[in-house]
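Sequence order for the protein chains is A and B. Heads up: the first sequence is residues 2 to 112, going by this note's numbering. Heads up: the second sequence is residues 498 to 609, going by this note's numbering.
Take these hints with a grain of salt, some might be off.
[What the hints assert, rightly or not] In silico contact screen, one side only, chain A against chain B (beta carbon under 10 Å); selected entries: (1) CYS13; (2) TYR33; (3) TYR37; (4) GLN39; (5) GLN43; (6) PRO45; (7) GLN46; (8) PRO77; (9) HIS78; (10) ARG82; (11) VAL86; (12) ASN98; (13) GLY105.
[Stated by the list, open to error] List of simulated lysine to aspartate or glutamate pairs, DMTMM-like, C-alpha gap at most 20 Å: (14) B:LYS568 to B:GLU582; (15) B:LYS580 to B:GLU511; (16) A:LYS53 to B:GLU597; (17) A:LYS53 to A:ASP83; (18) B:LYS512 to B:ASP560; (19) A:LYS4 to B:ASP554; (20) A:LYS4 to B:GLU511; (21) B:LYS508 to B:GLU582.
Honestly, the hints are just simulated from the structure, not real lab data. Here a beta-carbon is modelled for each residue, glycine too, at the ideal position from N, C-alpha and C.
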Amino acid sequence: DAKTTQPTSMDCAEGRAANLPCNHSTISGNEYVYWYRQIHSQGPQYIIHGLKNNETNEMASLIITEDRKSSTLILPHATLRDTAVYYCIVRGRNAGNMLTFGGGTRLMVKP
Amino acid sequence: EAGVAQSPRYKIIEKRQSVAFWCNPISGHATLYWYQQILGQGPKLLIQFQNNGVVDDSQLPKDRFSAERLKGVDSTLKIQPAKLEDSAVYLCASSLVSWEAFFGQGTRLTVV
């Protein structure tokens, strides 16, 4: 699996958009970008995933660059409950592919 | 829909003792994962099952850790003997489709 690089921590003001970047310059053509988050004392939670097109769901938007070497997770209106560690993962689509977490970005949403 | 169940939630043992964790995945989920999460780090995959079979266990310290998934449903993870560095949260997850894994609350192990 390709490795990812994320900032260690970020702050965001409540109500503003939180933009979390991820670099995955060695991603291969059949690998997807997945985002999970982990709120304190809970297990990780799936957010969104994509291959090359931008994706949006009720939780977030995922913007993937045209060369697929980086992506950004956008939380459009961050709330205090979005304070968590956000993990960017690159992984093949098959269920047999390993789900490997890195260090993630610790997002602190401040009032 | 019931989530992934893990037990116990907390466990304190002395070094060199043995311990077992239990996981009941979401019904019908073929893929089951065990992770170790040390404080301040991301979860580290220990073993991944697809039904009864092991997909990957390259990060499982096999001299002391073992895991099994009987009948492709419940799973147990065992540590024998435990070391101080095994203190961590042990997370179980399951998935039906490849992109969304559901995690349990975890078992917090303290080895003293």
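Here's how the hints hold up against the structure:
no. : hint                 : verdict
1   : CYS13                : 20 Å, violated
2   : TYR33                : 7 Å, holds
3   : TYR37                : 8 Å, holds
4   : GLN39                : 8 Å, holds
5   : GLN43                : 7 Å, holds
6   : PRO45                : 5 Å, holds
7   : GLN46                : 7 Å, holds
8   : PRO77                : 21 Å, violated
9   : HIS78                : 23 Å, violated
10  : ARG82                : 18 Å, violated
11  : VAL86                : 8 Å, holds
12  : ASN98                : 7 Å, holds
13  : GLY105               : 5 Å, holds
14  : B:LYS568 to B:GLU582 : 31 Å, violated
15  : B:LYS580 to B:GLU511 : 8 Å, holds
16  : A:LYS53 to B:GLU597  : 18 Å, holds
17  : A:LYS53 to A:ASP83   : 25 Å, violated
18  : B:LYS512 to B:ASP560 : 15 Å, holds
19  : A:LYS4 to B:ASP554   : 19 Å, holds
20  : A:LYS4 to B:GLU511   : 36 Å, violated
21  : B:LYS508 to B:GLU582 : 14 Å, holds
Hint compliance for this structure: hints 1, 8, 9, 10, 14, 17, 20 are not met, and every other hint is.
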